[in-house]
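Assemble the whole structure, with the sequences as input and the hints as a guide.
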Amino acid sequence: MKEKIGVYICHCGGNISDYVDVEKVRDVVEKEEGVVLSKTTMFACADSAQKEIVNDIKENNLDAIVVASCSPKLHLSTFRNVAERAGLNPYNYVQANIREQCSWAHTDKPKEATEKAIRIVRACVGRVRYSEALEPFTIPAANIALIIGAGVAGMRSAISLADMGTHVYLIEKSHFIGGRVAQMGELFSTDEKGEEIISDLYDEIKKRDKIQLFTGAEVVSVSGSVGDYKAQINIRPRYIVPDCDMNKLKEAIAECKTEIPDEFNFGLTQKKVIYKAYENCRPEIPAIEKDRFNPDQKFLEKYKDCIDLEQKTETLNVNTGTVILSTGFDPYEPEDGEYGYKKAENVITLQQLKRLIELSNGKLEYNNREIKNIVYVYCVGSRQKEGENKYCSRYCCTAAIHAALLCRKKFDSVRGFHLYRDIRTYGKHELLFDEVSRQGDIFFRFNEDESPVVETANGKLQVKFRDILTNNEEVAIEPDLVVLVTGMIPRKDSSTVAGILKTPVGSDKFFNEVHPKLRPVETVIDGMYICGTCQGPKNITESITSSLSAAAKSNSLINKGEIELEPTIIRIDPEACEWCDKCAEICPFDSITKTEYSPDGQKGKTIALVNESTCKGCGMCAPVCPTDAIDIIGYTNNEIESMIDGLIKEV
Amino acid sequence: MMNNNMNSPEQISTNKLEYDVLVIGGGIAGQEASLNLANNGFKVLMVEKDLSIGGKMIHLSKVFPTLDCSACIATPKISETARNPNITIMTYSEVEDIKRNGNGLKAMVIEKPRYVKADLCTGCPICEEKCPVVVEDEYNYGLTGRKAAFIPFDLASPRIAAIDIENCTLCGACERACPPNAIDFSMEKKEFELSVKSVIIATGFELFPAEKKKEYGFGQFKNVIHSMQMDRLLAPTRPFNNVLRPSDGRMPDNIAYVLCTGSRDLSVGNPICSQICCMYSIKQAQLLLGALPMTDVTIYYIDIRAFGKGFDEFYEQGKSMGVEFIKGKIAKIEEKENGNLTLKYEDFENGGKTVEADHDLVVLSVGILPNKDVSGFFKSEPIALDIHQYVKQEDELMSPAKTSIEGVFVAGTSSGPMDIPDSILSAGAASAEAAAFIRSLK
Amino acid sequence: MEQEKDFVPKILVFSTDKISDPGIDLAGQQHIHYSPSVYFIIVPCSAGVKPRWILRAFNKGFDGVFVAADGTDCPFSADCSEKTGKLVAYSQELMKKEGVNPARLKMAAVCSVCALPFSNHMKNFSKALSGLGNIQSEKYIDPEEKEKQK
Ligand SMILES: Cc1cc2nc3c(=O)[nH]c(=O)nc-3n(C[C@H](O)[C@H](O)[C@H](O)COP(=O)(O)OP(=O)(O)OC[C@H]3O[C@@H](n4cnc5c(N)ncnc54)[C@H](O)[C@@H]3O)c2cc1C
Ligand SMILES: Cc1cc2nc3c(=O)[nH]c(=O)nc-3n(C[C@H](O)[C@H](O)[C@H](O)COP(=O)(O)OP(=O)(O)OC[C@H]3O[C@@H](n4cnc5c(N)ncnc54)[C@H](O)[C@@H]3O)c2cc1C
Ligand code: SF4
Ligand code: SF4
Ligand code: SF4
Ligand code: SF4
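Chains as they are written, first to last, in our numbering: chain R, 93 to 743; chain B, 185 to 626; chain H, 123 to 272.
Since the hints were made in silico from the structure, they are not lab data. Even for Gly, the Cβ is constructed at its ideal location relative to N, Cα and C. Be aware that one or more of the hints could be misleading.
What the hints assert, rightly or not - Ranges between beta-carbon positions, derived for each pair:
#1 B/Gly535 - R/Asn550: 45 to 55 Å
#2 R/Gly106 - B/Val318: 15 to 25 Å
#3 H/Asn242 - R/Lys123: 30 to 40 Å
#4 R/Lys697 - B/Gln501: 15 to 25 Å
#5 R/Glu125 - B/Glu313: 32 to 42 Å
#6 R/Asp200 - B/Gln404: 39 to 49 Å
#7 R/Asp428 - H/Asn242: 34 to 44 Å
#8 B/Leu625 - R/Pro353: 46 to 56 Å
#9 R/Val606 - B/Asp281: 37 to 47 Å
#10 H/Phe129 - R/Asn729: 29 to 39 Å
Unchecked claim - Distance condition first, Cα-Cα at most 35 Å in a straight line; then the derived DSBU-like pairs of lysine-lysine:
#11 R/Lys368 - R/Lys390
#12 R/Lys464 - B/Lys511
#13 H/Lys245 - B/Lys503
In C-alpha cells form, the structure reads like this:
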C-alpha cells in the first residue's frame, strides 16, 4: 500500500479550471488517506511543472503520484517519464482524466463537474495506493521487415530499410513489379516516365543483398507478434522454365494465338496469354495466364524447354520483425452508364487516357477517330453525395490537368474543356493549372447536385451541363472524347489482406493509421505499418514520403535486435488455479498453456502458464476463470474495486 | 546550457562539438526528424533560432481534420525531444555557415545572448512583473503586449526568461528582483564549431505579411486580422477569454474569411497555393460556431482545397454546421464608421458581378512563404532553391528529402507548403535518408 | 416502481483503452454533454471485465453499469462482442440471484469516433434507469425464483 502520495490537479490553462473548481478538488483530495501533498498547477505538462513534480517526489520521498488533467491518451507516458526521472517506478503513477471526461463533457454544469472531478481523483488515489512497481521486459526482435506490395511505395521502403541495415522480404502479388506507376507514362511534377522509374528502382533493389524480392507472391497467413512474426507466403509459378532460351520463348509467344484483354492498358488492347506486363517490365521474364491457356500437345512438346505447365505453387515460410503494407489502390471503375461510360461512345477514364497517350504516335486517336476536343469530367467516383466514396482523391485534379498539358504538347491542337467542382491543384501544382489555362483550355464549374449528362445524341457524343460561373447557363459541348477523371479506391482484394493481418480500415475503407498526426504510418498492431496509397489517396511524392517514414519507424523499432514490452500482462495465482483450460480456450493469442506446479517439491498439480512475450494483456481470460485466479497486472481486483469505491463515495 | 541534457554545449570545455546530425529548426518537422534519429541511436544537435522550440504548431488552437487540441499533441513531442538523451538543443542560436569537411560537414553556430542564465532561471516570473517596458507580444501576433524581460509563452521549452535587449531600457529592475540572480547583462554571443555527418533543414515557413495586400487594409482597419491571430484567439492558451473584435472588444456576429490572401496571386509575387489555408479556415469557422453560437461565418473562396484524408468530409461538416461558402474574389475592403467592413467582391456564381457585403470582423487567410534564411546557411557551396525559393527537392518523386548537397536533407515546410500530417511524414522521410546516408559513410 | 423526483442515476461505464475510451474522450472534445453522474473505469478490453466488479458496483450504490464494448474494432479478437456478451449475460444471472434487475447492466459497442452515439446511449440508459429507480430501493425478484416460491 502506498502511503506517500502526491496529487496534482491541472488547470489546463482554463480548459479544466473554467468549469471545475480545481482548488476545491484539491481541498477535498488533500484529506484522502495516503495523500501527503496536493497542488494545483496551470499546465501540468509544461516543462517547469514537470520539474516541480520531480523535485517534490525527491524531496518528500513520494511513493506514488496522481495527475488529474487531460486524457491519459495524451500524457500518460509524459508523466510516467516524470516519475521515472525522479526515481519513482512509472507504474506508481495514475492519470485522472478530468478534462475530456469531465470539464469538457459538462461545460453546462460546473457544480456537478467539480463534484465528479473530486470523485474521479479520489478513485485514482484509491487505485494508486494498490499500484505495483513494474519493470518492462525485453523480447528479441529479428532485424527483418516483410514488405507486402512492390509498387513504388514498397520498393522505395525496401531500399531505404536495406540501407539502414534491415533485411527485407519484398513480396509482390503480380508477376511484375512496379504497381500503377509504370502504367501512367509521363508523370507530374517532373515529366519523368513511369516505366523508367520502375526500372531504376528494380536495379537498385537488385544491387542490395539485403533485399529478397518475390513476385507472384502473396501472404496467406501471419502469426506471432512484433519482433517475431511468422508469415506464410505462396508463390505462384510463371510456368516458364527458369533460365530458358529467351529467343525460343519469343518464338513461342509469336506462335501462341490466344489473346485476352490487357489490363495493363485498362482493356484498350489485347495481350497474349504468354505475356509481359509491358515491353520493358521487370523482371523481364514473361509469365503465363494458365487458366486462359489451352495449347495443344504439339505446342507444349515443341516448347517444353521454355514452358512448363506442371510448375506448382511454392510455399515460403519467413520470420520477420515487422510488416509493412504497401498494397496500393485501384483506380475507380465507373459503373456502366455513369456519365455515359460504356454506354455512349468515346467515354474513357483518366487511366485509359494515360495509356492512350502512351500508345499513340503523333496523332491522338480513339475508335478510329482523331481526337481534337476533350471534355474532362472531374470527381468521378470521389466526393460522392450519394455513393460510398465521400472523400476527395487528391491526385486527380493535378493528374487530369497534367494529362491535358501532355495532350497539347504531344499532339497538335488538342483542346480541353474541364468540368469541375473545385480545382484542387494544391501547393506548387497550381502552376500546372495556370499553364493549361494560359494555353487555352477552358474551365466550367458544375454544381454537385446537377451533374453533367453525357450521351450520344444523333450519333454524336454530347455533354450537357449548367455552368455556375456564367449564371447557371446551360452549355452543350460535342467533344471527340470524354475523359472521366476517376478517383482512387481501396484495392478490391484489400479486405483479404486486412483479414489475414487483422489491420483495421477506416470509414473510407483504406487502411487506417493510429493517429493522423502522431502516428501516421503505424497501425494498432505493434510492428505493422502502412504506407503509400493503401492508407489513402496520394501522388507519388506523397507515397514515397510515407514509405520512407514507415521505413524509419520500422527500422528504429527492430534495429537493436530487441524490443521493450509493457509489463501489463496477466498473472496467474498458482494456488487458486485448478486448470480447467477455460482461459487457454478463450485467449486469442494462444498464450496460455499448462504446466506442473509443485512449490514444495511434493506431488504437484496442473496449472495454467502464461507466455509473457505473446500475452497482450487484453484480460479476456480473467472473467472466465471459475476460481478467479487471474489478475490483469495494472487492473487487479484491488485496483479496480478501490476505484469503484472511490467513485461512489459521497462528496 | 539550454536544457538538462547530459551533454549540453556549455559543459564541454572547448567550443568544438561533434554530432551525427545537425537538425536546423525545432518545429514539428525538426522534432519528429530528431526523435526518429535519436531513437535510432544517432546523436543529434537541434539548433533553434527562437527562444523556444515548438514552431508554429504550439501556438495553434485545434487542428484539422480531427479537431484535437494542437498544444496537447505538440507538448508531449516537445517534452520528449527536450528529454531525449541523444538530442541536444541550442535555442536562440543560428547557423552561420556549413562547409564540406572531408566526408562530413562543418557548421558554425552562434548562440545569441538571452541575458538570463539558463541554469539559474526558475521561470518564476518576477522579472516580468518588475519590468516597466511593454511591447507587442510576437507570440500572440501583436494581439497583446509583453514585457522586455519575459518568458516567451506558457508552453515554452525551455520555459525560462529572456531580456529583449532592443527594447530594454537597462533600468535594472529585473536584475535587482530576480531571486536566483539569473540576469546577466554582460552575456555575449558564443560561437560553436560543429562536425556533423548529415544535416536536416527544418526551418519551416514564413507567414505572408498581410499588410502587403494593401487592398485588404490590414494594419489600417482594426477589425481586419489575419488567421494566425484568429488561431491565437481560439487557442486554449488564448490571450482573452473570448473571441473579441479589436476595435471595441465586442463579440463579432458576422465574420468573413478571405481565402487565398497572398497566395495564387501574382500581384504579390506568389503564384502558388498555400495548401493549408482552406482547411484551417474551415477549422476556425467550425470552432467559431462552437464558441459564438449566434455568429455567422462566411468564407469567400476561389476553390475549396480539401484534399487530404478526411478533409472533404470536414468541409461537408462545416457546411452542415452552417458555415456559408461564397465563391468570390475579394477586390477591396473598406472600413465604415462603426468599424464594420464592406467587402467588394467578384461574385463568380452570378456571372462575375461585383457585389458588396458587410461584416463586423474580417479574417485574412494568409498564405505561407518560404523561409529565406536557408540560403545563408551554405555560403561556400550554395544550396539549390526552387523558383519559389523553397529548398529544391533534387529527386522529387523518388527521394523527396534530398537536396542539392550530399548529406543535407529537407523536412517539413522548408521544401514547400504542407500541413502537419505531411510535415511529420516528410520528417520521417528525411530521417530515413539521413540514417542511411550516415551508414553509407562507414 | 416509484419515480423519484430529481433522481439522477449513477452509471459506471467500463470503457476500453484503445477503442471506446477514445470515443468517449471525443465526446468531451466536442463538448457533447451527457449526465455528470456517468463515471468511467478504463480496461484493456471489454471482454476482460470481471463479473465481480460489476456486482461490486451495484453493491456499493451504482444504479447502472454500462460496458462500452470494443465491438468489431477490438484490436485483440474478432469475436470480442460475443465474449463480452457472454460475460454480461453471466453477470446478469448473478445479479438476478442478488436481487438486482438485470436491466441495470447494459452493453453496446462504442467505437473510437462514436462521440454522439455514446452520449445517446447515456441519455437512453439514464432514462431507463430513472424508470427503475434508485438501487437502494431495488425490490427486484427473479421471476423464476418467484415461481419456485409459489
Ligand atoms: C490515372 C492516374 C495517373 C496518375 N498520375 C500520376 C502522376 O503523374 N504523378 C504522380 O505523382 N502520381 C500519379 N498517380 C498516382 C500514383 O499512381 C500513385 O501515387 C502510386 O501508384 C502509389 O504507389 P503505391 O506503391 O502506393 O501503390 P501501387 O502503385 O498501387 O502499387 C501497389 C503494389 O502492391 C501490389 N499488391 C497489392 N496487393 C498485394 C498483396 N496482397 N500482396 C502482394 N502485393 C500486393 C500490387 O500488385 C502493386 O504492385 C496517378 C494515378 C492514376 C490512377
Ligand atoms: C493560421 C494557421 C493555422 C494552421 N492550422 C493547421 C491545422 O489545423 N492543421 C494542420 O495540419 N496544419 C495547420 N497549419 C500548418 C502548420 O502550422 C504547419 O504545417 C507546420 O507548422 C509546419 O511545421 P514545420 O516544422 O515545417 O515549420 P514551423 O512550424 O515553421 O517550424 C520551423 C521552426 O524552425 C525555426 N527556424 C526558422 N528559421 C530558423 C533558422 N534560421 N535557424 C534555426 N531555426 C529556425 C522556427 O523558429 C521554428 O521553430 C496552420 C498554419 C497556420 C498559419
Ligand atoms: S482531386 Fe480534384 S478531381 Fe480528384 S476528387 Fe479531389 S476535387 Fe475531385
Ligand atoms: S490477457 Fe489476453 S493475451 Fe494474455 S493470456 Fe489472457 S487472454 Fe491471452
Ligand atoms: S530571470 Fe529571474 S526573475 Fe526572471 S523568471 Fe528567471 S528566475 Fe524569475
Ligand atoms: S489552400 Fe485554399 S486558401 Fe490557401 S491558397 Fe490554396 S486555395 Fe487558397
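Item to complete: Return the numbers of the hints above that this structure violates; sort them in rising order.
Response: Numbers 1 and 4, in rising order.
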